[in-house]
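Construct the entire structure; sequences and hints are all you get.
Protein chains in written order, with my numbering: chain A, 1 to 225; chain B, 1 to 245; chain C, 1 to 228.
Note that these hints are calculated values from the structure, not bench results. Check each hint, because a few of them may be wrong.
To be verified - Derived contacts from chain C toward chain B, CB cut-off under 7 Å, selection only:
| # | residue |
| --- | --- |
| 1 | S16 |
| 2 | V18 |
| 3 | D19 |
| 4 | S122 |
| 5 | Q127 |
| 6 | A130 |
| 7 | V133 |
| 8 | M134 |
| 9 | P148 |
| 10 | Q149 |
As the list claims (entries may be wrong) - Every beta carbon over 10 Å from chain A, so not counted as near; a handful from chain C, in silico:
| # | residue |
| --- | --- |
| 11 | R27 |
| 12 | L42 |
| 13 | R73 |
| 14 | I79 |
| 15 | E132 |
| 16 | K167 |
| 17 | V186 |
| 18 | K190 |
To be verified - DSS-like mimics (lysine-lysine), calculated; alpha carbons at most 30 Å apart, straight line:
| # | chain 1 | residue 1 | chain 2 | residue 2 |
| --- | --- | --- | --- | --- |
| 19 | A | K54 | C | K222 |
| 20 | B | K54 | B | K107 |
| 21 | B | K54 | B | K20 |
| 22 | C | K222 | B | K132 |
| 23 | B | K107 | B | K28 |
| 24 | B | K110 | B | K132 |
Predicted model only: the values in this text are computed from it and were never measured. We treat Cβ as the ideally placed atom computed from N, Cα and C, and that holds for glycine.
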Amino acid sequence: MNYTFQFGEALKELPYLLGGAIVTLEIAFMAFWSGAILGLAGAYGLVYGPRWIKRSVGTYITFFTNTPSVVQIFFLFYALPEAGILLSSFTAVTLGLALNSAAYLAEIQRAGFLSVRQTEIDAAETLGMSRFQMLRYVIVPHIARTIYPPLSSFFIWLVLGSSIGALYGVEELTGRAINIATSNLRTIEIFLVTALIYVVLTLCASVSLGLVGRYFFRVKGGLLR
Amino acid sequence: MAHLEIDNLCASYGNTPVLKGISLDVEKSEVVSLIGPSGSGKSTLLRALVGVTKPTEGTVRIGETTVDYRSAASLRSVRDSMAIVFQQYNLFQNMTVMDNVTIAPIKIKKWNKAEVRKHAAELLERVGLSAKHNAYPDELSGGQQQRVAIARALCLRPQLLLLDEVTSALDPELVGEVLDTIRDLARDGMTMLIVSHEMGFVREVSSRIVMMDKGAVVEKGPPAQIFDAPEQERTRDFTARILSH
Amino acid sequence: MIDRIMREIPRFFSASNVDFLIEAAGRTLLLSVAGCTIGFLLGLLLVVIRRTSHPALLPLRTLAIGYTEVFRRIPFLVILFLVLFAIQAVAPRASLFTIALIGVCIVSTAFLSEIIRAGFESVPRQQVDAAEVMNFSYLQILFLVVAPQAWRVILPPAFAFMVMFIKDTALASQMGVVELTFAGKVLSNKGFSATLTFGAILLAYFILSYPLTRLGRYLEHKLGSSRN
Chain A
1 MNYTFQFGEA
11 LKELPYLLGG
21 AIVTLEIAFM
31 AFWSGAILGL
41 AGAYGLVYGP
51 RWIKRSVGTY
61 ITFFTNTPSV
71 VQIFFLFYAL
81 PEAGILLSSF
91 TAVTLGLALN
101 SAAYLAEIQR
111 AGFLSVRQTE
121 IDAAETLGMS
131 RFQMLRYVIV
141 PHIARTIYPP
151 LSSFFIWLVL
161 GSSIGALYGV
171 EELTGRAINI
181 ATSNLRTIEI
191 FLVTALIYVV
201 LTLCASVSLG
211 LVGRYFFRVK
221 GGLLR
Chain B
1 MAHLEIDNLC
11 ASYGNTPVLK
21 GISLDVEKSE
31 VVSLIGPSGS
41 GKSTLLRALV
51 GVTKPTEGTV
61 RIGETTVDYR
71 SAASLRSVRD
81 SMAIVFQQYN
91 LFQNMTVMDN
101 VTIAPIKIKK
111 WNKAEVRKHA
121 AELLERVGLS
131 AKHNAYPDEL
141 SGGQQQRVAI
151 ARALCLRPQL
161 LLLDEVTSAL
171 DPELVGEVLD
181 TIRDLARDGM
191 TMLIVSHEMG
201 FVREVSSRIV
211 MMDKGAVVEK
221 GPPAQIFDAP
231 EQERTRDFTA
241 RILSH
Chain C
1 MIDRIMREIP
11 RFFSASNVDF
21 LIEAAGRTLL
31 LSVAGCTIGF
41 LLGLLLVVIR
51 RTSHPALLPL
61 RTLAIGYTEV
71 FRRIPFLVIL
81 FLVLFAIQAV
91 APRASLFTIA
101 LIGVCIVSTA
111 FLSEIIRAGF
121 ESVPRQQVDA
131 AEVMNFSYLQ
141 ILFLVVAPQA
151 WRVILPPAFA
161 FMVMFIKDTA
171 LASQMGVVEL
181 TFAGKVLSNK
191 GFSATLTFGA
201 ILLAYFILSY
211 PLTRLGRYLE
221 HKLGSSRN
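Here you go:
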């Protein structure tokens, strides 16, 4: 079993792979923010909405968290055309991840809403704060501090999860690695370099998210989670 | 020859020295108490003796043998001869009272199971908990848990018993039952090194008292000297302050 | 489109197709359960290494920490490709299922070891001190004192991880392991409507995952509310 590693060719492709890493981040960003906004609406509905809204949002979450995002995207990509809706692979993947994220991010944000304690609101009221001041100084900072850590972890999860775009031909990091691998025999080296880029990418993301959390939301604890 | 001889013992947490050359003897069947303000290093001294905090300098002798805290075998033999009871009882939450008391003698020392259980039952009766053999620690009061911890320590048949502020975590009405247990032990001739803030008790039960401050021994002497005629200014301040409460 | 689906349904749910789907679902479940069981044991081993304190074991500890940190930061798909190529280079006759299983083990070891570590750390340090001064050995402390208390904390998230991984094994279809997602592709290639096929596959995953998710919640509730 002698395998000699040769990283020369894989390193030659580094700029191409790094370009893919940017696409990876783009997908993760878009899916995260659209998922977060949808999820916010969902969380609001879950906490304050009428019964039928609670039910529908609950069903949505149960469905999306109990089926694989890969198959959800398969559905978007292959089934929607049967109804006359054609999506590009990039759109299908980003949309699929966004719909999937919405379910998880709704859960996270709901937990944030529920974490606000009545005693804090009472205290703010006795201080004579207006509704807006209460939101601005008490409620929003509290929710932000509670949900920031799980949101950051979820973003990291999305960076890794966006690799499934490769299955639909999206040229993000993993997709580009596969592209090279089909025309190059040094497949192990290429995927090792790709893995390393993911490690560095998510480490940088974790550390910067951790710093932002520490300075803007007063999140305690280590930078890596 | 003293039973326990501590000479110039030093220890630190990180770079902060917490014990700065402690020297002290304990004779067989003697009760020695450590007093002093919090942060004076009393608890650390006990923890250093059993090697939970590693001493950085100095020697400890038990009987004829000198302890080497860096050697696993030597550490094992010190821990065989001493037992410690902690402020927070530190009972194993996953075991019944009986198992807490018997696990070390049976599983670690490999003593005869039936004899250990018989001894444990006697000890539990002695600390007034014979009805609680099958209770779990979280079903007991703090005072009861602390008495289980004392029984657990005694079941190891230690030559020396270390008691680290065993009443500090207890509600005031539960302190008495634990102190009674310790008084009994003293009467039976158990050699003990005690850290306590219960000055009345310390005075009554100790043969000698060691006043510590800032990681060093300030003064040693019989209770009468320490409480009534201290030689050192700091001892006088401390006892005056604490007795005025 | 609806007409087409209605027309295809009887043929789609033929006995042979249903058997095929059930077998595929079994493989999906097996991949996740077996992979996470092995991963749990290996993860436990990593934690046992990480909690040692002897200076001579520092390199092993660093390796164990490095493993958990690195393998939680690489996409499962990339790991699957790496395992596929690496194993084909050394053992060309290994089955695709074995390869996928190894991939699952690599990832689950990293995540489960993190879950186990957190569980072990939830047991108060004082009890470890007490055991140490009573001359418990390192392994006796771990398995007589720490583990019996930590499992209540460890089990719910470990179980949730396994259930979550049922969905991630869908990626093994990419390598040709005939699990649920691959079965979907096969049926879709036979000409069945994609809506019908992937709808059925989504439903199959849901049927696997949902009861287990509920069971996990029940476990969490049950273990959380009882002693300690």
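How the hints compare with the structure:
no.	hint	verdict
1	S16	52 Å, violated
2	V18	47 Å, violated
3	D19	47 Å, violated
4	S122	11 Å, violated
5	Q127	6 Å, holds
6	A130	4 Å, holds
7	V133	5 Å, holds
8	M134	4 Å, holds
9	P148	4 Å, holds
10	Q149	5 Å, holds
11	R27	14 Å, holds
12	L42	19 Å, holds
13	R73	4 Å, violated
14	I79	7 Å, violated
15	E132	26 Å, holds
16	K167	4 Å, violated
17	V186	13 Å, holds
18	K190	14 Å, holds
19	K54/A <-> K222/C	25 Å, holds
20	K54/B <-> K107/B	26 Å, holds
21	K54/B <-> K20/B	13 Å, holds
22	K222/C <-> K132/B	26 Å, holds
23	K107/B <-> K28/B	28 Å, holds
24	K110/B <-> K132/B	24 Å, holds
Violated hints, in rising order: 1, 2, 3, 4, 13, 14, 16; the structure is consistent with all others.
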